[in-house]
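Participant: Chain residues, written in single-letter form:
Protein chains: 2
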Amino acid sequence: MLLSANRPGQALCRRTLGKQVHFCSSKHITRGAVATMEPQTLQLPSLTGMMQRVKECNEGMEAISMLKPFVVAGKKVGQFKPEFVEQLSHYPSVFHVSECQVSLAPELDTPEKRTAQVARVLEELRDKKVILGWRNELYPVTSSFYDKPDLLVERAAATHFGIKAYGVHCNGYVIDETGRYKLWIAKRSMSKPNWPGKLDHIAAGGQPHNLSPTANIIKECEEEASIPLELARTAKPVGAVSYTTISPTGLKPDVLFTFDIQLPLGFTPKPQDGEVEYFELWPIERVAQTVANTTDFKTNCNLVIIDFMLRHGLIGPDQEGYLNLVRGMRNGDCS
Amino acid sequence: MLLSANRPGQALCRRTLGKQVHFCSSKHITRGAVATMEPQTLQLPSLTGMMQRVKECNEGMEAISMLKPFVVAGKKVGQFKPEFVEQLSHYPSVFHVSECQVSLAPELDTPEKRTAQVARVLEELRDKKVILGWRNELYPVTSSFYDKPDLLVERAAATHFGIKAYGVHCNGYVIDETGRYKLWIAKRSMSKPNWPGKLDHIAAGGQPHNLSPTANIIKECEEEASIPLELARTAKPVGAVSYTTISPTGLKPDVLFTFDIQLPLGFTPKPQDGEVEYFELWPIERVAQTVANTTDFKTNCNLVIIDFMLRHGLIGPDQEGYLNLVRGMRNGDCS
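Line by line, the protein sequences are chains Y and S.
Position 323, counted from 1, in the first sequence is what UniProt numbering calls 323; the numbers after and before it change by one each time, with no gaps.
Position 134, counted from 1, in the second sequence is what UniProt numbering calls 134; the numbers after and before it change by one each time, with no gaps.
By construction, these hints were calculated from the structure, which means they are not laboratory data.
Beta carbons are placed, not taken as given, at the ideal position from N, Cα and C, and that holds for glycine.
Some hints could be false.
Claimed, not checked - Pairs of lysine-lysine, DSBU-like flavour, derived with a Cα cap of 30 Å:
no.: 1; chain 1: Y; residue 1: 113; chain 2: Y; residue 2: 148
no.: 2; chain 1: Y; residue 1: 192; chain 2: Y; residue 2: 270
no.: 3; chain 1: S; residue 1: 182; chain 2: S; residue 2: 76
no.: 4; chain 1: S; residue 1: 182; chain 2: Y; residue 2: 55
no.: 5; chain 1: Y; residue 1: 75; chain 2: S; residue 2: 55
no.: 6; chain 1: Y; residue 1: 55; chain 2: S; residue 2: 252
no.: 7; chain 1: S; residue 1: 129; chain 2: Y; residue 2: 55
no.: 8; chain 1: S; residue 1: 55; chain 2: Y; residue 2: 252
no.: 9; chain 1: Y; residue 1: 55; chain 2: S; residue 2: 76
no.: 10; chain 1: Y; residue 1: 113; chain 2: Y; residue 2: 192
no.: 11; chain 1: S; residue 1: 55; chain 2: Y; residue 2: 76
no.: 12; chain 1: Y; residue 1: 128; chain 2: Y; residue 2: 76
no.: 13; chain 1: S; residue 1: 182; chain 2: Y; residue 2: 182
no.: 14; chain 1: Y; residue 1: 148; chain 2: S; residue 2: 182
no.: 15; chain 1: Y; residue 1: 76; chain 2: Y; residue 2: 148
no.: 16; chain 1: Y; residue 1: 68; chain 2: Y; residue 2: 192
Unchecked claim - Heads up, incomplete: computed chain Y residues facing chain S, CB under 8 Å, no partners named:
no.: 17; residue: 155
no.: 18; residue: 213
no.: 19; residue: 234
no.: 20; residue: 236
no.: 21; residue: 321
no.: 22; residue: 326
Looking at chain Y on its own, in the form it has when it is part of the complex (with noise of 0.2 Å):
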């Protein structure tokens, strides 16, 4: 049967006949002092189900153009709705709208001053119930990770203000004795406010201002799935997903740093701070099914599955929209 052969030689074998996964058995080979695999492909009948993963990240894009850039000295760091715009136009004093953009009054030329500003007027609006579910939590306003911050926003506001947000997130796999994939899935509890209930990676976070990516990870490792700190430390960075979303509020621009940990075949991780269920370790395809055929993975973690798919080999580009694929992991402004 042309599904169970495995590597693509001609590609024939890559082509897609079936509605289910398959897995190409592995076989070993050595050379010298090392022992080489062929490796893990898996064979999906296509890759449309993964591409709407993709799109479900980027939901409610065809309205962008209806967002007037907020441009602080002179760069943009954030995009607004009109109607939000029509909340700000009431303080002239600190935002000045204008036909093509917003900017801050140019008198609040230090990101202290403008930060105070901007502060008093989004306490106004949430008086008026403009802004919901107040965090008392700043977060910064920049146009690119490494700048520093022009100013700070209470979190609440950032969909409002088009601010692109950071999170770092951990695949946490497992390769066992035959060359198979396996990936530790986490359970979210189902009293978290956000996502009750569906599947996560290992360990993933928003990313706060005051700590690097990979301190950030390691803290996760820790906290989510208690990874003892020598372990964490073994998580390796491997680029960064990109996406957006307009939702009701505004533009959500995120970026996540992305991390691979390879864990041993005899340790299994432990939800530590009540986010997490329970862990499972699902064997790839399984993996591969639930992103391709379900949404019963938070939605961010999708596009972080797929990119780890795509860089392990698992998906080829033998196979038609592998490129769109590809392309879908950093659809969103990546800065």
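Given the coordinates of chain Y, work out where chain S should sit on it, guided by the hints.
Facilitator: Leaving out everything else, chain S in the frame of chain Y:
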């Protein structure tokens, strides 16, 4: 202090301490049945040199707005420089030149008719010395890799038409007993017409339209480096990079399918087809220094090597410019 907090925060050991590329020593730790080691990281003083290599792959792009789209069957499949549009305008029975685009005569409604009529024009332009370096090799014109070609054109005209070209590149690497990365480097023969004497990958090549990318890289591994089929088949697809240059003749948008092959320590590649003078196994630090500080590598190899370093955690997100570098891996139209 709130605003001056540098993101990198805790990651002091990732910081750059001098002008040299430093190596973080690996430390073995054992969990369960598998030995895991702290990942190797390169301590680059900055990512500026790497970013410069990315820019060199995307040269001349400031002139992009001067180009006129080539539209076939309603899809943009290429772009022309104004000088070449002027030439095409002398053949109104084949090329329809309007204010905003160049299209083909509507009666050319099959790939075969288009190929034949365009060939007729191109032969005249060859005889007029407008098109140089005629190859007698047909190139597919398509809006994306997996689409059927809308027509075929002589390869020497590809850049005049701004047609996307595809290639395959393979990083041949070794991880030594202490967990350090080494990369096999090829020195291109001085007698090669293109890029003589430049450094190159262990195997790479253009992508013919009658072969799958995977079959192609296996073929290149065998032909260029004498890697036996059984070993060549262990090459893993790991994504794609893309870049676009504007040269004197026109636009050159390239997409490279990338592969990694982990070679056994005892294996030595051998030149076979006369294209490579010799192969050398370099510590990854030497590769990084050469990429960052020289133009010794064939231009697009730099991109594929940087992508390798990003995917293998050799460059990390705590370093300023990381996201720019990540984004720079697919500056071109990756479709």
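Participant: If a hint holds in the structure, say so; if it does not, say that too.
Facilitator: Taking the hints in turn, this is what the structure says about them:
1. Y:113 / Y:148: 15 Å, holds
2. Y:192 / Y:270: 17 Å, holds
3. S:182 / S:76: 42 Å, violated
4. S:182 / Y:55: Status violated; Cα separation ~38 Å.
5. Y:75 / S:55: 22 Å, holds
6. Y:55 / S:252: 29 Å, holds
7. S:129 / Y:55: 47 Å, violated
8. S:55 / Y:252: 29 Å, holds
9. Y:55 / S:76: 23 Å, holds
10. Y:113 / Y:192: With a Cα-Cα distance of about 36 Å, the restraint between residue 113 (chain Y) and residue 192 (chain Y) is violated, given a limit of 30 Å.
11. S:55 / Y:76: 23 Å, holds
12. Y:128 / Y:76: Holds. Residue 128 (chain Y) to residue 76 (chain Y) sits at ~27 Å (cutoff 30 Å).
13. S:182 / Y:182: 27 Å, holds
14. Y:148 / S:182: 36 Å, violated
15. Y:76 / Y:148: 14 Å, holds
16. Y:68 / Y:192: 33 Å, violated
17. 155: 15 Å, violated
18. 213: 4 Å, holds
19. 234: 5 Å, holds
20. 236: 3 Å, holds
21. 321: The hint holds - residue 321 (chain Y) has a Cβ within 8 Å of chain S, the shortest such distance being about 7 Å.
22. 326: 5 Å, holds
Of the numbered hints given earlier, the model fails hints 3, 4, 7, 10, 14, 16, 17; all others are met.
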